[in-house]
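Asks: Read off the chains here:
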Amino acid sequence: MTHPLLILIWLGPLVGAMLLWTFGPQLRTLAGPIASALVGVSFLAAVSEWSSATLIDGAMQGVREPLFAWLPQFAFGLQWDRISLVWTLIITGVGFLIHVYSIGYMSGERAFARFFAYLNFFVFAMLTLVLSDNVVGLLVGWGLVGLASYLLIGYYIERPSAVAASRKAFVINVVGDVGILFAVFVIVAKVGAIGYGDVFGKLAAFTPAELFIVCLALFIGAAAKSAQVPLHTWLPDAMEGPTPVSALIHAATMVTAGVYLIARFAPLWSASSDARMLAGSIGALTALTGAILGCAQWDIKRILAYSTMSQIGYMIMGVGVGAYDAGILHFLTHAFFKAQLFLGAGIIIHNLGNEQDVRKMGGLRKQMPFAFSAMLIGVCAICGVPGFSGFFSKDAVLTETLAHGHPVMWLVGVITAGLTAYYMSRMLYVTFFGAYRGNIDPSELGMRHPELAGTAASPDHHPEADDHGHAHAPAWLMSGPVALLMIPSTLIGWLAFGGDASPWSRYFAPVFPADVPVAGTPPDWVTSALVLALIVAGAGVAYLRYGNARALVDAIPRLRTEAVRMPAVLVNAFYFDSAIDALFVKPAQAVGRWFGSVVDPHVIDAGVREASISANWLGHLFRSFETGLVRAYALTIAFGVACFAIYYVVIGVAR
Amino acid sequence: MNAPVEAYIALSSILFFIGIVGVIARRNPLIQLMSVELLFNSANLALVTFARTWGNNVGHIFAFLVITVAAAEAAIGLAIVAIVFRKTTFVDVDEVATLKG
Numbered sequence: 154m155t156h157p158l159l160i161l162i163w164l165g166p167l168v169g170a171m172l173l174w175t176f177g178p179q180l181r182t183l184a185g186p187i188a189s190a191l192v193g194v195s196f197l198a199a200v201s202e203w204s205s206a207t208l209i210d211g212a213m214q215g216v217r218e219p220l221f222a223w224l225p226q227f228a229f230g231l232q233w234d235r236i237s238l239v240w241t242l243i244i245t246g247v248g249f250l251i252h253v254y255s256i257g258y259m260s261g262e263r264a265f266a267r268f269f270a271y272l273n274f275f276v277f278a279m280l281t282l283v284l285s286d287n288v289v290g291l292l293v294g295w296g297l298v299g300l301a302s303y304l305l306i307g308y309y310i311e312r313p314s315a316v317a318a319s320r321k322a323f324v325i326n327v328v329g330d331v332g333i334l335f336a337v338f339v340i341v342a343k344v345g346a347i348g349y350g351d352v353f354g355k356l357a358a359f360t361p362a363e364l365f366i367v368c369l370a371l372f373i374g375a376a377a378k379s380a381q382v383p384l385h386t387w388l389p390d391a392m393e394g395p396t397p398v399s400a401l402i403h404a405a406t407m408v409t410a411g412v413y414l415i416a417r418f419a420p421l422w423s424a425s426s427d428a429r430m431l432a433g434s435i436g437a438l439t440a441l442t443g444a445i446l447g448c449a450q451w452d453i454k455r456i457l458a459y460s461t462m463s464q465i466g467y468m469i470m471g472v473g474v475g476a477y478d479a480g481i482l483h484f485l486t487h488a489f490f491k492a493q494l495f496l497g498a499g500i501i502i503h504n505l506g507n508e509q510d511v512r513k514m515g516g517l518r519k520q521m522p523f524a525f526s527a528m529l530i531g532v533c534a535i536c537g538v539p540g541f542s543g544f545f546s547k548d549a550v551l552t553e554t555l556a557h558g559h560p561v562m563w564l565v566g567v568i569t570a571g572l573t574a575y576y577m578s579r580m581l582y583v584t585f586f587g588a589y590r591g592n593i594d595p596s597e598l599g600m601r602h603p604e605l606a607g608t609a610a611s612p613d614h615h616p617e618a619d620d621h622g623h624a625h626a627p628a629w630l631m632s633g634p635v636a637l638l639m640i641p642s643t644l645i646g647w648l649a650f651g652g653d654a655s656p657w658s659r660y661f662a663p664v665f666p667a668d669v670p671v672a673g674t675p676p677d678w679v680t681s682a683l684v685l686a687l688i689v690a691g692a693g694v695a696y697l698r699y700g701n702a703r704a705l706v707d708a709i710p711r712l713r714t715e716a717v718r719m720p721a722v723l724v725n726a727f728y729f730d731s732a733i734d735a736l737f738v739k740p741a742q743a744v745g746r747w748f749g750s751v752v753d754p755h756v757i758d759a760g761v762r763e764a765s766i767s768a769n770w771l772g773h774l775f776r777s778f779e780t781g782l783v784r785a786y787a788l789t790i791a792f793g794v795a796c797f798a799i800y801y802v803v804i805g806v807a808r
Numbered sequence: 065m066n067a068p069v070e071a072y073i074a075l076s077s078i079l080f081f082i083g084i085v086g087v088i089a090r091r092n093p094l095i096q097l098m099s100v101e102l103l104f105n106s107a108n109l110a111l112v113t114f115a116r117t118w119g120n121n122v123g124h125i126f127a128f129l130v131i132t133v134a135a136a137e138a139a140i141g142l143a144i145v146a147i148v149f150r151k152t153t154f155v156d157v158d159e160v161a162t163l164k165g
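Listed in order, the protein sequences are those of chains C and X. Numbering-wise, the first sequence is residues 154 to 808 according to the numbering used here. Numbering-wise, the second sequence is residues 65 to 165 according to the numbering used here.
Bear in mind the hints are in silico, worked out from the structure with no lab data behind them. Treat the hints loosely; a few may be bogus.
What follows is a list of derived Cβ distance ranges for each label pair [unchecked claim]:
1. C:Q742 to X:K164: 50 to 60 Å
2. X:E70 to C:N769: 46 to 56 Å
3. C:V802 to X:A143: 18 to 28 Å
4. C:I790 to X:V112: 18 to 28 Å
5. C:S767 to X:I140: 35 to 45 Å
Chain X stretches covered by chain C per the calculated footprint, using a threshold of three residues with CB under 8 Å from any CB of chain C [said to hold, decoys possible]:
6. 70-80
7. 115-121
Note that beta-carbon positions come from the ideal geometry of N, C-alpha and C, so glycine has one too.
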């Protein structure tokens, strides 16, 4: 065991999960601090193990901690290199802050320990995913994070919508798991080994078509986990989970596993330009789709969910076109500012008694100045206001996309940046400016809309909602993590300041193949200037529609008009759900019904029935032999003996 | 011991057929048990005859085995007959057919 700290990083959260699963009811409110402490230990171990990866320069492999070998080529172990380092620090660091936040947010919940057991289990699963040094371990982690996500989305088990959302997320994630499984099959069949080093060392074993198939199968997994079009529909529904879960799993870490996957398999992707084209295009499409749909949401968490989807689209576009370091940088900054946005939204939701509809908010700037500053910094970061982290990472992704020769994706990304500024500013204005609308009749605000039937907070949202009053945890538990997150979400982008000489580029230089810019690329400042102009335009439109004095005065009729006149195509989220329903769910149900009405009664049941009837008939046949007459039995035996005798006599004669 | 082998085998066959007919044709369980003993002993006679003819002792050993089995059979068979007789006072095995299928 050359790197015991790696084992500690990996297994610490698992110990917590098992402890809380076993002794949860006894530990009561201690469950939260214990879970947080174990993730914190994991984070500290990761920080102290930092150097061993960064000291080995030029090594893609980093250090390995072998665990056990099933067969010589099928060795399992942990890998600690520059990619897994970034992810581990985010998972355990942001994870720790969100654990602490959850102690406040979840206080008074009946299943307090169960929540933290799941959360710890998620951290363990995610670490399995990013620390594994082989494709099978990756697949195991991939499946386990899907399970953790399922458990946490469906945390409010008494709420049918939460259960339905968790089931949907799980099913779509399993579609992705099957893709990865298929890729693993092909890899093992071609290479005969599962370790990353072995696989990447034998790229010559793949024909270009096989490489494309492996990348495609991997991308199905990435698309399902990272909410890429058309497998994104589970992510907005996943907001049924508690807000800290949305922050940790459905914003900061798990949904970026697809980015990790592509970055991890960079040698494969670099060798297949078709696959890169596919991933980049889907990423760009997702970025745009998420941004457009984000403009049409009223639920604060769904706005953030669509913005997450859109930002992951950027990341996938970045790693897809081959700008791995830019894509990972956007993951890094996004993990901070999106976790901060979600946790800020959580503070609002918590203080308003689980109200999530932004139309029922308004004017919260004075009530909750801290939440306002958190959201403001988060919005600045996600929009890409210069100086904030998102500015650097989004610009890096866009300029690199252009430099790799994908002007269409670049254009889509630039337009998306403007839309992002619009819908995030819209959320900010509607939530924090004007007058408080929580006591306005919902129909005045146009809340009878079908879209809102399932998303608007209902009185039975949290059964324990009313109990919060007496069980309030200290406020710093929730504001402290948010305050800590403000620092990196403002500053972390400066890591990438300075182009190729920046710390970030030098950090990843030995890992990924060097960028080969296409000739005739416009200078980077063109992208930056264009994005900035669009950000100003987007925020300006939002200001005119929601922020200026006149809009604030008659906010109520304006919001009602907007809600009522919202185009059906946006309300139904481009009919993705209906299309999946019509293409897959309905046919599957039809097949199921056919089996139920035809195959089951007429083949399976009939087979069982016929078997029993023939057994009965055979019994009737054989019972006639059982006369009960001893002498008849004796005669039968004598007859049998005679047959034997004759047989042997005949055989003897024949010889 | 000068009689030919055929004579022994003929005697054994005659005893065997008497036994068979006794088991099949008679209804009295005691007579049937005695007929079964005849079957055993006809087989024993054939075994010993062959053993002596071929000079192989396996036949003798089998004869002892058959005697042992016959003793056990007689004990069990008589016990069953005694018990069933106490219950039903039968004289005809055909009337004991409660296990008829």
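Asks: Each hint needs a verdict: does it hold in this structure or not?
Replies: Against the structure, the hints:
1. For the pair Q742 of chain C and K164 of chain X, the supplied restraint of 50 to 60 Å holds, since their beta-carbon distance comes to about 55 Å.
2. Taking 46 to 56 Å as the suggested C-beta distance range, the pair E70 of chain X and N769 of chain C conforms, at roughly 54 Å.
3. Under the hint 18 to 28 Å, the C-beta atoms of V802 of chain C and A143 of chain X, about 38 Å apart, miss the expected range.
4. Look at I790 of chain C against V112 of chain X: about 24 Å separates their beta carbons, and that is inside 18 to 28 Å.
5. Checked against the given bound of 35 to 45 Å, the beta carbons of S767 of chain C and I140 of chain X, roughly 38 Å apart, stay inside it.
6. As drawn, the segment 70-80 of chain X meets chain C at 0 residues by the rule of a beta-carbon pair under 8 Å; below three, the given contact is violated.
7. Check result for the segment 115-121 of chain X against chain C: violated, 0 residues qualifying (beta carbon to beta carbon below 8 Å, three or more required).
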